[in-house]
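J.: Here is what each chain is made of, one letter per residue.
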Amino acid sequence: MMRIRYYIVLFLGLLSQVAFSQNVRFTASVSKTQVGTGEPFEITFSVNAEGASFVPPPLRGFEVVAGPNVSTSMTSINGNSSTSTAYSYDLVAPQTGEFVIEPASIVVGGKRYTTAPIKIKVVKGAPVQQNARSGSSQGSGADDLQQVSSGDIGKSLFIKAIVSKPSVYQGEQLTLTYRLYTRLGIEANQLDKMPDFNGFWNEDIKSKTPYVQWRTEVYKGQAYRVADIKQVILFPEHSGDISIEPMAMTFVVQQPVPTEDFMEQFFGNNVREVKYQAKSNKVTLHVKPLPEVGKPADFGGAVGHFTVNASLDKKELKSSEQLNYKVTVSGAGNLMLMQAPNAIFPADFEKFDPKVTDSLSENANGVSGYRTYSYLLIPRHQGNPTIEPVKFSYFNPETGRYQTIATPSFSVKVNKGPTENNVTAYADDEQDITRTEKDIRNIKTDDVDLSKVGQGFFGSIWYYVLLLLGPLLFGAAYAYRKWYEQYNSDIVKVKSRKASRIAAKHLVNAQKQLNAGNSKAFYEAVFRGLYGYLSNKLNIPVADLNRENIVAGLRARQVQEPLINQLVHTLDLCEMARYAPVSGIAENEVFNQSKTIIHDIEDSL
Amino acid sequence: MILKIACKKHRLVWCLLGFMVLPLLSLAANPATEAAFAKGNSAYAKKHYNEAISFYKQIVDEGYQSVAVYYNLGNAYYRNGDIAWAMLYYEKAYKLSPGDEAIKVNLQFARQKTADKLDPEPEFFITRWWHAFILAFSLHALAVLSIVYVLLGFALLSYYLFAGTVLLKKASFYSGLVLIGLGFISIFIANRQLHYFNHHHEAIIFGGAVAVKSTPATAAKSLLVLHDGTKVGVLNNQNGWMKIKLPNGNEGWVAYNNVKQI
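Protein chains in written order, with this note's numbering: chain L, 1049 to 1653; chain U, 107 to 368.
Please note that the accuracy of each hint is not assured.
[Said to hold, decoys possible] A few chain L residues that face chain U, going by a derived Cβ cut-off under 10 Å, partial list only:
| no. | residue |
| --- | --- |
| 1 | I1491 |
| 2 | F1506 |
| 3 | G1507 |
[As the list claims (entries may be wrong)] A short list of chain L residues far from chain U (calculated; beta carbon distances all over 12 Å):
| no. | residue |
| --- | --- |
| 4 | F1397 |
| 5 | F1458 |
| 6 | D1497 |
| 7 | V1501 |
It is worth saying that the hints were derived from the structure and are not from the lab. All residues carry an ideal CB built from backbone N, CA and C; glycine is no exception.
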């Protein structure tokens, strides 16, 4: 039983310890850091948790007028309740000099927390910061605690520009916060000037609530009411020292006015409203350039910390159908500034520029979320193409190195689509022919004109034979002419050669006359034929031709005697028949005989 | 008798000529192939393209080549939507008859349907003119033309030897020389065309998307992807790989089974 209880307590203790250890703040603050001797002021030690065994510091050099006053407040936000406790003392410093208030300590959840020491300067006399216009610098003004001169509003109300990192890489995001510190009541405010943020890409952080959240913070030992009035995420666009101009705001504040009138003092009407312009400090950022060493070739300017993923909506489709390929880059960094990752698609994919969708959120830690590039792809042809992995490179400012991550690769099965062969979209950029003709020309049907493969006419044996035929023909013609000229150069021989042809002509005529029954003309023709023949053959002019020189000529050419006799006989017969009718001899016989004679003489010569 | 002899001589010349020309004509007269061609044509006319292809293929498989058959095969494949095959046969027909207008037109149509639009490497204009000049007529036409020119030229020269008048002699001599000159020019052009085709081996890509590799190995880096029907130049062959040259000047290797030489 005891053991169980022990454990429960232990567990609860641990739990509370965990809960408290999250952000325990134990602070010490004073209402003034410079006081006059005998001037009361307040020191407050506050803890935002339930603490135990508070040990106040030894307040050496001060007299405790009142206190400790312990006040506890409890707030509950969304069911998370938090407690804060303040221990305050009213002190008076009797002597001048510099005093240090030592740290106080408290135990929260078993752990001891201490405050920072506070330095107090005690000066001689009454209120140090006397209002010049009040004109009464008596000791009575010593209790005029909230008195602040107009020149000193800046100490009670100011804006600080705070950057999350004083030194960043180019493109690395940082948060700029404008924090308002005030110890005065603010009646109204107006934003005068926001800096231009030249040299930066900036994103405003939208406040979740319409009003600013006030909290208490100790700054330089004094407690202020603090609010973050503006937060901007900045992305430096170039390297070097970049200054951010101050931001200016005008406030109307309540300034206490010292007064002699006790009643007025009592009822709190001793304030007046003052217009005051507050300017933030000028911030200079040191922006380092991205290192060139190890910069990937495909680096697209992404700085931060990212992951990349890809997805494909289909694994199998027909050609000319659509395919969606998504590349998602998620993480924190300059997502909106980076270039699209270099996605390489198969060559025959028709691709369109990616559609970019962002889902980004800005908060005090910077911009984070994801950006999706969706590519619409249309494979034009069947096959099994592979979509290569997309490599994404970014610079990680935390490690100071470039990192490259890749998506998986996808293989797609593209089936033959119905329209693959009817892609007419390309028809315009081709030749002029397309404009005049709409379709292919018809087949050839008239002549097959076959030949064996590799046995063309050109270069074949027959080709060369036919080609050589020309020169051969010419050569033959030339040789023939040569021979012909030689042959016809001797007139006697030519005449003799012509003899039989002339005789033949006469004999043909004789034949005609014979058939016509014209015997006189027949004998005439035969006679002329024989005479002409002999004249040519024996090279004797017809006028000189007589029986004697015919016989002599034939004998000289060694024609046989019986043939000569027969010729002479026939010639006589013809001569006789030309003038007187001849009987007893058939004309036919004469004709044949003369033919035979010519033949025989031709043969014998 | 003498007349008879002259007559006999003429017959001899005709016989000789016929004897020479007949073997050339005898191929065309092959009845089986003629019939296959006619059947192919009628099947094509009836839009039975597969049937037409099989008839034409029959002629090609017998080892014949013919401009008409190649061209008709190309048309049949084109109608069937087989652009790669259409390209192959159109190109074959083009090689046999580079001056044929119908082949050029249909090649353009087929080329439009191929996926790859490759810009040809720019040719020096004189080179381009020269190629157009030597490819204006088919090799066969040039061969026949050269024979005709040479024979006619020598016939005129022979006539010159026997011509009667000086005018005829002059006319026949010079025209004969010109014709012989033309004959030799056609022989030269035919020779150049033969040389051109012997040194311009080309191939057609087959099989969807074909990866062009940097070296002849499957594991090699892919340079680019080519598709059905693209014409490439062939540089050399090696262990089942073909080194190709693209019209735009790029070179690479493709597996042998993905290409068919024209």
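J.: Now, for every hint given, state plainly whether the structure supports it.
T.: Hint check:
1. I1491: holds, 4 Å
2. F1506: holds, 4 Å
3. G1507: The hint holds - G1507(L) has a Cβ within 10 Å of chain U, the shortest such distance being about 7 Å.
4. F1397: It is violated; F1397(L) is separated from chain U by about 10 Å at its closest Cβ, not greater than 12 Å.
5. F1458: holds, 16 Å
6. D1497: Per Cβ check, D1497(L) is inside 12 Å of chain U; nearest 6 Å; violated.
7. V1501: violated, 5 Å
Violated hints, in rising order: 4, 6, 7; the structure is consistent with all others.
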